[in-house]
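S.K.: Got chain A; can you put chain B on it based on the hints?
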Amino acid sequence: MDKPDIRKLDAIRVERTPLENHYIDELLAGRIDRRQFLRRGSTMGMSATLLGTILAACGSSSSSSSSAASSASTSGPAPKAGGTLSVAGVTPAAAVNPLTVSDAGGLLMLNQTGEFLVFDSNLKLMLQPMLALSWSHNGDGSVWTFKLRPGVKFSTGAPMTADDVVYTFQQLSDPKNASNALSTFTGVLTPSGVKKVDSTTVEFHLESPNGNFPYLVSSDNYNAIIVPNGTDFGKWQSTFVGTGAFKLGSYTQGHGATFVPNPNYWGTKPLLAGTSFQFFSSQTPMLLALQGKSVDVVAQFVPAGAAAILTQPSLYKIIKLPSANHRELSMRNDQAPFTDARVRQAVAYTLDRKGMVNALLSGDGTVANDTPFGPRFPSSNLSLPQREQDIAKAKQLLAAAGHSSGISAPLVTEVYEEIPQLATVIKENAALAGITFNLKIESQSLYYGKATYGNSDWLDATTSLVDYGDRGVPNVYLEAPLTSAGPWNAAHFKNKQYDGLVKQYVAALDLSTQKSIATKIEQLLLDETPIVIPYWIDGLTASTPQVGGLNPTSIAQLYLNAAYKS
Amino acid sequence: MVTFILKRLGLALITLWLLSVIVFVLGQVLPSDPGRSVLGPLAAPSAVRALDHQLGVDKPLLTQYWHWITHFPGTSTQYQTPIGPILTTALGESLKLAVFAFVLVVPLGIIGGIVSALNFGKPIDRTISIVGQSALTVPEFVSGIVLILIFSIALGWLPVTATAPPGSGFFTQLKYLILPVIPLVLVLFGYIARMARAGTVEALESDYARTATLKGLPRGVMIRRHVLRNSLLPTITVIATQTGYLIGGLVVVEVLFRYNGIGMLTYNAANQHDIPMLEACVLTIGIVYMIVTLIADIGFSLLNPRIRLRAAE
Numbered sequence: 001m002d003k004p005d006i007r008k009l010d011a012i013r014v015e016r017t018p019l020e021n022h023y024i025d026e027l028l029a030g031r032i033d034r035r036q037f038l039r040r041g042s043t044m045g046m047s048a049t050l051l052g053t054i055l056a057a058c059g060s061s062s063s064s065s066s067s068a069a070s071s072a073s074t075s076g077p078a079p080k081a082g083g084t085l086s087v088a089g090v091t092p093a094a095a096v097n098p099l100t101v102s103d104a105g106g107l108l109m110l111n112q113t114g115e116f117l118v119f120d121s122n123l124k125l126m127l128q129p130m131l132a133l134s135w136s137h138n139g140d141g142s143v144w145t146f147k148l149r150p151g152v153k154f155s156t157g158a159p160m161t162a163d164d165v166v167y168t169f170q171q172l173s174d175p176k177n178a179s180n181a182l183s184t185f186t187g188v189l190t191p192s193g194v195k196k197v198d199s200t201t202v203e204f205h206l207e208s209p210n211g212n213f214p215y216l217v218s219s220d221n222y223n224a225i226i227v228p229n230g231t232d233f234g235k236w237q238s239t240f241v242g243t244g245a246f247k248l249g250s251y252t253q254g255h256g257a258t259f260v261p262n263p264n265y266w267g268t269k270p271l272l273a274g275t276s277f278q279f280f281s282s283q284t285p286m287l288l289a290l291q292g293k294s295v296d297v298v299a300q301f302v303p304a305g306a307a308a309i310l311t312q313p314s315l316y317k318i319i320k321l322p323s324a325n326h327r328e329l330s331m332r333n334d335q336a337p338f339t340d341a342r343v344r345q346a347v348a349y350t351l352d353r354k355g356m357v358n359a360l361l362s363g364d365g366t367v368a369n370d371t372p373f374g375p376r377f378p379s380s381n382l383s384l385p386q387r388e389q390d391i392a393k394a395k396q397l398l399a400a401a402g403h404s405s406g407i408s409a410p411l412v413t414e415v416y417e418e419i420p421q422l423a424t425v426i427k428e429n430a431a432l433a434g435i436t437f438n439l440k441i442e443s444q445s446l447y448y449g450k451a452t453y454g455n456s457d458w459l460d461a462t463t464s465l466v467d468y469g470d471r472g473v474p475n476v477y478l479e480a481p482l483t484s485a486g487p488w489n490a491a492h493f494k495n496k497q498y499d500g501l502v503k504q505y506v507a508a509l510d511l512s513t514q515k516s517i518a519t520k521i522e523q524l525l526l527d528e529t530p531i532v533i534p535y536w537i538d539g540l541t542a543s544t545p546q547v548g549g550l551n552p553t554s555i556a557q558l559y560l561n562a563a564y565k566s
Numbered sequence: 001m002v003t004f005i006l007k008r009l010g011l012a013l014i015t016l017w018l019l020s021v022i023v024f025v026l027g028q029v030l031p032s033d034p035g036r037s038v039l040g041p042l043a044a045p046s047a048v049r050a051l052d053h054q055l056g057v058d059k060p061l062l063t064q065y066w067h068w069i070t071h072f073p074g075t076s077t078q079y080q081t082p083i084g085p086i087l088t089t090a091l092g093e094s095l096k097l098a099v100f101a102f103v104l105v106v107p108l109g110i111i112g113g114i115v116s117a118l119n120f121g122k123p124i125d126r127t128i129s130i131v132g133q134s135a136l137t138v139p140e141f142v143s144g145i146v147l148i149l150i151f152s153i154a155l156g157w158l159p160v161t162a163t164a165p166p167g168s169g170f171f172t173q174l175k176y177l178i179l180p181v182i183p184l185v186l187v188l189f190g191y192i193a194r195m196a197r198a199g200t201v202e203a204l205e206s207d208y209a210r211t212a213t214l215k216g217l218p219r220g221v222m223i224r225r226h227v228l229r230n231s232l233l234p235t236i237t238v239i240a241t242q243t244g245y246l247i248g249g250l251v252v253v254e255v256l257f258r259y260n261g262i263g264m265l266t267y268n269a270a271n272q273h274d275i276p277m278l279e280a281c282v283l284t285i286g287i288v289y290m291i292v293t294l295i296a297d298i299g300f301s302l303l304n305p306r307i308r309l310r311a312a313e
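So the protein lines, in turn, are chains A and B. All residue numbers for the first sequence refer to the working numbering, where the first residue is 1 and numbers rise by one. All residue numbers for the second sequence refer to the working numbering, where the first residue is 1 and numbers rise by one.
Since the hints were made in silico from the structure, they are not lab data. None of these values were measured; they are calculated from a predicted model. Virtual Cβ for every residue (Gly too), placed ideally from N, Cα, C. There's no promise every hint is true.
Lysine-lysine pairs mimicking DSSO-like chemistry, simulated, CA-CA at most 27 angstroms apart [to be verified]:
1. A/K354 to A/K427
2. A/K269 to A/K147
3. B/K175 to A/K293
4. A/K503 to A/K520
5. B/K59 to A/K176
6. A/K195 to A/K235
7. A/K450 to B/K59
8. A/K393 to A/K520
9. B/K96 to A/K235
10. B/K96 to A/K293
11. B/K96 to B/K175
12. A/K494 to A/K440
13. A/K196 to A/K235
Selected chain B positions facing chain A (Cβ under 8 angstroms, derived; list incomplete) [unchecked claim]:
14. G40
15. Q54
16. V57
17. T161
The following block holds chain A by itself, in its conformation from the complex (with noise of 0.2 angstroms):
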């Protein structure tokens, strides 16, 4: 960082807020980076601008721009107007209907034509107006105001205003419809809690104080995109109304969809002249159709099986996101042997995690250290020391533990992405130190079941391992698996200093307060080690060399406003 100009950052910081004032003088003081910085400024409902010119007073540059999702993401050759983008997806698992859509190739299909009050772009790692062109709360974080961008039509040509925001918030948040956005709203936010305070203006009244409410409003609440008042959720799939840069041309159920400019979209109008998505049940053969030259991007796909494309750089252009997508190992607390914590140490320093990510994600990831926090969040420490494999170090816990002549446990798992090699590289690193896992691998809905305590080998089973998509805070992965009252809490942990450290953190409206909070968090998840988590995995798009201007984001949608073909 070059040296501040203090009397301009002087007259910033006037007009700013005790907690914007903090950021600033962190960031001063180096104990955020200009990504943290950007990061946290957005949350708190600092404009692009705003941050752009603190970054420049303090001697640092952004290239944050004002449009969330118009920022182009790969340098390439020259944009070229014209042509149609032919795409690469998963088959929709189900109905594309906002409120239900649970999967990569649902989500895939609601951002094409919808859009977010707020855009997480994971490119930048900051948060960006999209439909909301500033938000803040009023201190405690307990109510949160959004102002939306004025003149925003929908693809019908009717205007968006604050009743649609309402309607669709309070859809996505009553406990009577099957939202799929209750997993997030639920303790946080009820439909009553959804104001209008004027045409161009929404008040949240939340449940309790929520630092980053602005990211369950974003772009990673993949669900909730705004859709006009009184929308059939059920029928939306035959129209797919949004305020998007494109709209519907045709979805053929488990075929393909193709989209064409939106004639009344807000912002800069998109280059191609239409784009077209192509389904596919599973990743080879979507590998194969980019590599046929039958399709000119995969929206996303995963390491495992993927080497023919990621080796050869100069066919293919890769974008990688970092991303908080992990697996977590989970051990009964409940159930011996793992009631001892000693143990369950001893099964984290039996693993290889370097080897894992070198072997099993091609390199396209970061070892983890056995806690939600990672590298994608600001407030993670991570000075605290990464867990290496140590067979002497495993073995002398579980002997100190009652267990010298070794232990024997089954380990239930699923069969997605590379999950069954992870499952047997654990067994064979365990047994180095005399842990016997006894492998079972089941398909999803049968691991799954009914994902209730009692009705789930996931949630039942001695050990178990399961995925986790990628989120922009740490909230869920902090509270669902690890807190007592958690419902995927598969470890069974039940601790109330982690309950209470979690009600405070998730509470926290300020970086430093987080941070600290965080760091106790870490220290007691290790010491305690309920779970383990290996490492983590990038989110993967790639395209032919002629392709640019596309901006994916890490739990797998892919906005094509800025994309061309040349």
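M.R.: Chain B only, in chain A's frame:
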């Protein structure tokens, strides 16, 4: 003949009804529930209950079965749209692939088998048998990927996917179907050729073939009139029993070549606990299978007068 067909139709209806009951009961045994399948494993239980109620799958089994019978083919719980159009399209696609595969493999297999039998024990017989049997053991996903790598990616001659763009002409559609059809031909050729060979060898060694030769018929006429007629009977049965596989069992080929046939639809329906869709798919495959076996039986009786006479009695 008419009584024979009527009897067969009656039996077919009873079989289909039993099939529907079995699928329905088995569907209930499958883990997970439709609401959970749609909303994903991480959805809130209240949302799952709301969706299950909306879909009517929380009603008593008999009510659900009655609703299904009276609203056939009904609405897919997974896609929340009427099943009819989805099923018809998928069936049409599957039939296209199956007919193309049949048109190629049946003559090839029969000719291969007969040539083998006529050259019993000679190198050409050995070659056909070994090649046919080896091809039979190569799984479709292996031969499929090898074919794609050679013909689509290395040479760039044929498209990677099997579905032609909408509005394509007959020959363009054929071009798209060539690659997916080859793995099917590879699997079926050995099977059909072996049956045709065995039938021909048996017929050649029979008393009537010897009599025909002894009474001075030229070899060509003897083979055409006496051997082929008899040797083809078991082959027809084999071909008919392969219809079920060609219509509903092509999940692997459909996934690999991105083809929207009924096999994939059935597989997904079972996975997603979409009982109305699963019922409709299984029954459709059942109906096609029964029609083909009926045609095979009729063909059988036309070729073999003894069966015809027995049926008439």
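S.K.: Evaluate each hint against the coordinates.
M.R.: Quick rundown of the hints versus the structure:
{"no.": "1", "hint": "A/K354 to A/K427", "in the structure": "holds, 16 angstroms"}
{"no.": "2", "hint": "A/K269 to A/K147", "in the structure": "holds, 23 angstroms"}
{"no.": "3", "hint": "B/K175 to A/K293", "in the structure": "holds, 16 angstroms"}
{"no.": "4", "hint": "A/K503 to A/K520", "in the structure": "holds, 13 angstroms"}
{"no.": "5", "hint": "B/K59 to A/K176", "in the structure": "holds, 18 angstroms"}
{"no.": "6", "hint": "A/K195 to A/K235", "in the structure": "holds, 26 angstroms"}
{"no.": "7", "hint": "A/K450 to B/K59", "in the structure": "holds, 17 angstroms"}
{"no.": "8", "hint": "A/K393 to A/K520", "in the structure": "holds, 24 angstroms"}
{"no.": "9", "hint": "B/K96 to A/K235", "in the structure": "violated, 31 angstroms"}
{"no.": "10", "hint": "B/K96 to A/K293", "in the structure": "holds, 25 angstroms"}
{"no.": "11", "hint": "B/K96 to B/K175", "in the structure": "holds, 13 angstroms"}
{"no.": "12", "hint": "A/K494 to A/K440", "in the structure": "holds, 26 angstroms"}
{"no.": "13", "hint": "A/K196 to A/K235", "in the structure": "holds, 26 angstroms"}
{"no.": "14", "hint": "G40", "in the structure": "holds, 3 angstroms"}
{"no.": "15", "hint": "Q54", "in the structure": "holds, 6 angstroms"}
{"no.": "16", "hint": "V57", "in the structure": "violated, 12 angstroms"}
{"no.": "17", "hint": "T161", "in the structure": "holds, 5 angstroms"}
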